[in-house]
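Q: Go by the hints and put chain B onto chain A.
So the sequences go chain by chain: A and B. Using the numbering used here, read the first sequence as starting at 1 and increasing by one per residue. Using the numbering used here, read the second sequence as starting at 1 and increasing by one per residue.
Keep in mind that the hints are not guaranteed to be accurate.
Stretches of chain B that chain A covers, calculated by requiring three or more beta carbons in the stretch to come under 8 Å of a beta carbon on chain A [as the list claims (entries may be wrong)]:
1. 18 to 24
2. 32 to 39
3. 318 to 332
4. 335 to 341
5. 345 to 351
6. 357 to 367
Simulated from the structure, these hints should not be mistaken for laboratory data. The beta carbon of each residue, even a glycine, is placed where N, CA and C say it ideally should be.
Residues per chain, in single letters:
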Amino acid sequence: MSLFTRNVVIALFITGVIIATVIYSVSYLDHQRIVELNDIQNRLATDTLSIDTQFALLEEAPCEDLTEGTALTHELSDLGDKLAFTEEKLGATNPEVLRLKQQYTLLEIRDYLLTKRLANSCGLHPVIALYFYSNTPGSCADCDRAGYALSYLRQTYPKLRVYAFDYDLDLGALRTLVSVEKVDAQLPAFIIQGKRSYGFTTLEDLEKQFPKSLFATTTTATTKVKK
Amino acid sequence: MLFASPLIMHLEVFAYPFIFVSLFFEVFLLVTFFSSPARAQRDRKASTKTPYIAMIVPCFNEETTIRGTVDSLLALTYPKDRLSIVLVNDGSTDNTKEIMDTFAGNPQIQILHKENGGKHSAINAGIEMSPQAEFVGCLDADSFVAPDALREIISCFDNPRVAAATPAMSVYKPETLLERMQNAEFIFGIALRHIVAAVNGLYVTPGPFSLYRVSVLKEIGGFRFGHQAEDMEMALRIQRHGYEIDNAPRARVFAKSPQTVRGLIKQRTRWTSGFLRNVSYDYRDMVGNVRYGALGIMILPLGFIAVAGGILMFFLGLFMSGRQILSTILVTSGVPLSYTLSPRSLEIFYFPISTMLILSFVVTGGILMFMVLGKRVSQTPGTLVQGMLAYLFLFPFIAPFWLLRSFADVTTGHKRSWR
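Only chain B is shown next, with the shape it has when bound in the complex:
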């Protein structure tokens, strides 16, 4: 018998704590989804107020998407004299500058070309160019907003404690399997943000179309270097100062997603290592701190558990599958393949039902359910089925790579370029 040690034989016991935590978190999300703050968030109408808003578009080599991004901002259903668009070219080396300059005659648009200084410096420069703005928003130059998105998101600020608001983000025109997978994941994220915002647990204000109250930015300081996750650093700083981050589930924004697995791994490595570095280095005091409520007690610790669990489950799965395959090869060697491959009994007696199997199905079903909820709540167009299938069968094999890479980068202090 192979690997006869009882500990190795029952390695799956290591998976139970993660399955328990996943199930508990899903149930918590579902309970919170039906609680009054989340319901109020969903029932909230688009605002009719028109405070002065500056939308900042930091750009670095975005020649292929910048025009579409600006066009979508110009199409926002918001009074043109109450919305200014600030395009900040952060030292692009491609045609971004020339394309930006074609908007120079538009009275709504301000353009700034500067030397490359990082995303945070571009946003700060944009804020400085909009002294009259009551709110500033950021929109990555590879993202496109729905026309009513601004009216949806501005309604979050009726609560004076809200310092920032996040949108409902999905993938722009997903076509390939990889894009559809990311779209399903983003839509899961819509549900997640919507629900977690109800207990003020958000720790990131995504680059595509998050909005900030300028008075709070002035109080806590502008954007700063945040380990290539400046939106996360800002969100954590807002939370540390006792403000709230809300979510507008119908403020739809569509972001271009990486087209290749390599690109996806690079992007997610940046996000994950950004989380690990920000929380481990600069905001460690918030982890497990009851003062920060759901964020401190549950969301931030779960972020670490998710990274550790993803890596552990990957190796566990790899080892157990490898062991099974090796054992099968050894046991069946010499016996005709036709016998090995012939179907075995379909009697229900032999159906391999186990606690682990059923709980795994429940947890997976929960993820799919939240994807459906995210799509319904945000009224995101398009179909989800292919994306869900791609998520189920591709994501578990790709995600471990960026988790491992991020973990390795953070532990070794290795820094990677943005692109």
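Isolated chain A, as found in the complex:
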């Protein structure tokens, strides 16, 4: 075997090892992301169940002891950010991403219901926005812009609670929510303070749909709304 041939064979082997190592490392890091998301999700599931249970136990005077619900919502939106990043990286059809997204959506629905119950029982007035989007290519031209505008609003106004749902996600609870709230497949779709609206034009137009009380305060929190 000539020196050239020998070196080509060695180089091919080493190149293969380098590429395999890089692929393995990236895949390991992606897996670690999934593990982290799982951990957050499990913790949130326990927290949500705990608050739900406390709510049931303290039927008479739940309001003083359930203030942690707000922190839970913030953590939920942080999980949403991470899940959106993972989805972008691994693809919307990745089975792990889909599983996590389904669990996340369930947590969102539970938090939404809990927030509504707390608001009714404790006389709170959170501003709630349900946002329905689609990741299917070509099915929602304005979803990117709408999601970005909602991220901005949520960061700027602390009283705003945004729950973002992938309209195409195959999940019974989500289908029920869509049915209960009578959301048509014209995306992006919003339910702001119980009022349905479809489509996105500008940030100003979106802002008009929120109550004026929302714009009285500001914050420095940084969270992003999915899509």
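A: Only chain B this time, still in chain A's reference frame:
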């Protein structure tokens, strides 16, 4: 969502073959760097032999540099009675003739003024004026040699199969960012030539200070027109005749480099189109031919791949960046800029690690490593850091222009002037 087609969404897949080839070639270079022929090349001592050598300096309008070039040749540590310097004025229209004539009294120097006939005709005329030379060297009139360069390069010819030897070329006193960038690239070239010579894969004997065995030149014929890349044509002809081209990594020569981006693009267009024309037209049979070993199987095909890859990666980068910028503008329009520009989370979770990103870093790191190796092996003076940075951030934006221009020239048959 913009550009929703899956193919367009994942355009980066087209970059993977080029990243693989680049990585493989770098690993091959590194393996060959540590193999015995390359080590022997580095360990070789400067020769004490003193065969008769003629150094030919072909000149065309080199009034600003010719004096320095001749002075550096006169300062070579080589017996004066064994070295003749032949200055060939190839029909210069500036003051080159007058400056050349000031050397007329020097017994080591011969001067010839002739009508313009191209670089190859000037070198051939110089060879004819040195019938007693065992070896002839060429030195472009904008280059300057280190005093020990000749003793370093002549040692390559201890092997009788070696027909030509190449030096270690860097930029003469690089000062501007553009010069430093070219210097870093040249020093990368030092490592590349040193290593590729170990598997006899060189296809160019650069104008600045390559040396030739006269008996081989007589056998295969003198210099001829080579699509403005006569040194490449000669090297390919040497290889086709089964001879070897060696490299002397410590035979340092310093060449003046283009001062402007426009000048650089013009020079590199000449080199690249010279490569494409020589190899595509006159030496096509060598490409992929196992008879020519590393040169035929790997180096020449990679030359084409480098041109194609450079053009493709440029357009790919341009398209993907454009798409990203356009998408960002569309998505963020209407939202206050202060929000868009505010820093996002620095959590490690969001660090965009991908296979493409890491492999790109590895390949880039490899290039920088070979620059350091080239500098160490050749003992080239000066600092490299600024040049490396300039190479990383400027070169990728300039090189595509000469690649595209060369490709367009070759496909349309367009010929450009030398300057």
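Q: For each hint, tell me whether it holds in the structure or not.
A: Status of each hint after checking the structure:
1. Restraint check on the stretch 18 to 24 of chain B versus chain A: 3 residues with Cβ-Cβ distances below 8 Å, three needed, restraint holds.
2. Remark: the stretch 32 to 39 of chain B is confirmed as covered by chain A, as 4 of its residues place a Cβ nearer than 8 Å to a Cβ of that chain, reaching the required three.
3. Using a Cβ-Cβ cut-off of 8 Å, 4 residues of the stretch 318 to 332 of chain B lie near chain A, which meets the minimum of three, so the contact claim holds.
4. Given a C-beta distance limit of less than 8 Å, the hint that chain A covers the stretch 335 to 341 of chain B holds, as 3 residues qualify and 3 suffice.
5. By the rule of at least three residues with a Cβ nearer than 8 Å to a Cβ of chain A, the coverage given for the stretch 345 to 351 of chain B holds, with 3 such residues.
6. Look at the stretch 357 to 367 of chain B against chain A: 3 of its residues bring a Cβ nearer than 8 Å to a Cβ of that chain, three or more, so the hint holds.
In the structure shown, no violation is registered for any of the earlier numbered hints.
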